[in-house]
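There are 2 protein chains.
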Amino acid sequence: MRAAILAIGSELLGTTRLDTNSLRLTAVLERYGVELVGKSVIGDDEAAIAAELERRIATVDLMLVTGGLGPTADDVTRSATATALGREITVDEEVVAAIRQRFASLGRRMAEVNRRQAEVIAGAEILTNTHGTAPGMRLEEGTATIFLFPGVPHELEHLISVHLEPWLEAQTAASGTAERVERSLLKLACVSESDVEQRLAPAYERFGRDPIAVLASPGEIQIHLAARGSPAERRAKLEAMRRHIRELAGEAVFVEDRDDTLEAVVATLLDRDGATVSTAESCTGGLLAERLTRVPGSSGYFHGGVVAYSNEFKTRLLGISEELIATAGAVSEPVARAMAQGVRTRYGTDFGIGITGIAGPGGGTDAKPVGTVHIAVAGPDDDAIEHRRRRFPGDRQRVRWQTSQLALEMLRRILRARVPRSPEAGEKPTMAQTGAT
Amino acid sequence: MRAAILAIGSELLGTTRLDTNSLRLTAVLERYGVELVGKSVIGDDEAAIAAELERRIATVDLMLVTGGLGPTADDVTRSATATALGREITVDEEVVAAIRQRFASLGRRMAEVNRRQAEVIAGAEILTNTHGTAPGMRLEEGTATIFLFPGVPHELEHLISVHLEPWLEAQTAASGTAERVERSLLKLACVSESDVEQRLAPAYERFGRDPIAVLASPGEIQIHLAARGSPAERRAKLEAMRRHIRELAGEAVFVEDRDDTLEAVVATLLDRDGATVSTAESCTGGLLAERLTRVPGSSGYFHGGVVAYSNEFKTRLLGISEELIATAGAVSEPVARAMAQGVRTRYGTDFGIGITGIAGPGGGTDAKPVGTVHIAVAGPDDDAIEHRRRRFPGDRQRVRWQTSQLALEMLRRILRARVPRSPEAGEKPTMAQTGAT
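So the sequence lines, in the order shown, correspond to chains U and B.
The first sequence begins at 1 in this note's numbering and counts up one residue at a time.
The second sequence begins at 438 in this note's numbering and counts up one residue at a time.
Heads up, a few of these hints could be off.
What follows is a set of in silico ranges between Cβ atoms, one per label pair, in the way DEER data are often shown [what the hints assert, rightly or not]: (1) U:Gly142 with B:Thr453: 30 to 40 angstroms; (2) B:Ala510 with U:Ala73: 47 to 57 angstroms; (3) U:Gln101 with B:Glu594: 30 to 40 angstroms.
Rather than coming from a laboratory, the hints here were simulated on the basis of the structure.
Quick reminder that beta carbons are idealized off the backbone N, C-alpha and C, glycines included.
Chain U extracted, bound-state conformation (with noise of 0.2 angstroms):
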């Protein structure tokens, strides 16, 4: 089945905004085996859609349309697809009464330009949307079919689940599911693309280059795999694929098969072992404890943080002498040591982390560059500390992000080597215990 799609809207032809709702048709479409042969975006504009309606329709077997069913007279969807095939176009009172209804739920009276959003073509079948006014439609046109959605983006993914999915698995049932492709996710955290790829070698030679997709961004990597053939056929590929790229990429895997943030991943090892954290930083400014408490619950791993800017905030709130910052400079692997042990031990909880830093663009010399950074992370253990110096590339924003995603990842590492505390256990494992120093 090959499958095109057409977003229509002015406002998606200036210089703000781009057509997104055609990503998610696509992971549908990419998920029944649908080929996606090309997309397109006009403005409302109705000899234009009805042109392109036409064109499109003589090529392929499925046409997604999205936008240009809202009730007013820039609304051209309805018109350009009924002119296009040569169709008449009608009020359906029922839909009337069904919008009017929907108004009327919501306390307010229908104005009489939605009746426009009732107008039917002929031989359409009509999409029910209970999440918004405008009704979808399906048309069938020689062999082709062409479905009609509104363009607001959660009226759509409503429209997708409730009547394009279904319609999708008929089809595709009916045709056999060889063509299908389901889809697995690797995230990997602080590894480099080239990395990755030079890990992967082995996998790539094993399954071909085309299933497994690297996406990188800064401090972070993901690996899509994707697999073709029966249900049990695809399960089987992706599952021989996941198991052969955990053992080349190693502990680097950080979640597989779900879109997890790092910090969502931290959060469940920290509720796993009932411990708690702390944050000192200086150059990401919040960043850490912003992104550790972006997770719902996060009150029950997170205590606090200190964002200690100036030098006068290390030294009152995490007790770090004057001297050790005059002599070991404020950016320094002893002074990121006592920002996560002095947040830690002051504030009690099991571990603490300090970053210190120089994000630029200001502030760089020759023996500490812009984006050199310190982290450390101290644990129940006291001798444990551990700490890393890096220099990031980039600006600003990327020195920071990077900075966060490796504390986060420092405490990941940790947190995993660690053994799971069990019901039964008087004591929380420390540290050396589990040897993850």
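Let chain U serve as the given structure and place chain B on it in line with the hints.
What follows is chain B alone, placed relative to chain U:
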């Protein structure tokens, strides 16, 4: 002049990437008053690209194509264009020499495959590309002009400024500049879209709806203005619109004609006054500190902050009495005020901001539902602590974002109302002196 954009690349038909190059091209087209009639994306399919080009150049004056100029077998834009126009392709040895030279300057040898990038379509003007190996091309076919650009964003950027803009300049100079568009932007914080729409009614009346577009996101409204005509007319129109909207929207406008963030505007005001600020955050978890320190040079005005998630942190770091928390509740006006005043006086800054609230999804009650926040800003005048209570809609991240936005906006309005410190004055003005209570 009517234009269409075609982006080529199978990766742009996947689930993760969008054609963002078109936004950059659209901005240029708008500036020169060229109407964009449609955009499309096609995979690396020679026949499909050729068909799309043939169709488009029959209806537009300007066809902008990006991508598919690389050296590998799936880069088929050159051959597809030659097919569509019925022209020959030859390898241009001068271009080969230039590519070879580029590799040499990087200390590398040109691979044989790169000769493909020297393929030139008969009649094409070669668009030199000093930022990459693939040159672009400009072709005339009937009344249409076709530009072929590489898809790599910084190479495209380079070719736009060196080749496309001068060409458009020449075209529009010949045909008069009446159709060019000039734009301006105003940004407002912490006002609702409907409120802005209502306030803008007289501006719509006076200038029409078309040149004024309102874009809303949580906690921020952008008003985009557009003016056509001669350079002098455009400037006069924009200035008249800006002045009128400033009158209507009042002090809610935090920046004009630049895309500065709210934190950058606050930073400028703090710098102007030589004032300092510290933060005490609960539900925002460090987001406010993080935003204040996104701005380069923030150590000049930001000394530090406390993320006081647990009551113990609030007591020990901010000096808030356990009794107050017990009687008023952790999420309350008195606690927010005490946090603001506590962080300000304890750590010796001019301003202190206190935030406490329920970001959700858990923790809400009937009296204090999810989204309830208290924000307090303490200034140099001890009696003048400003406080706001709000209930923000949306999920955890939106509640946190809007809270940080309102905190920054409160501080901005206080700073804005202060008389700028003159270098002669011995003392900074207090809030009472400027009446900004």
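Hints and how they fare:
no.	hint	verdict
1	U:Gly142 with B:Thr453: 30 to 40 angstroms	holds (33 angstroms)
2	B:Ala510 with U:Ala73: 47 to 57 angstroms	holds (48 angstroms)
3	U:Gln101 with B:Glu594: 30 to 40 angstroms	violated (52 angstroms)
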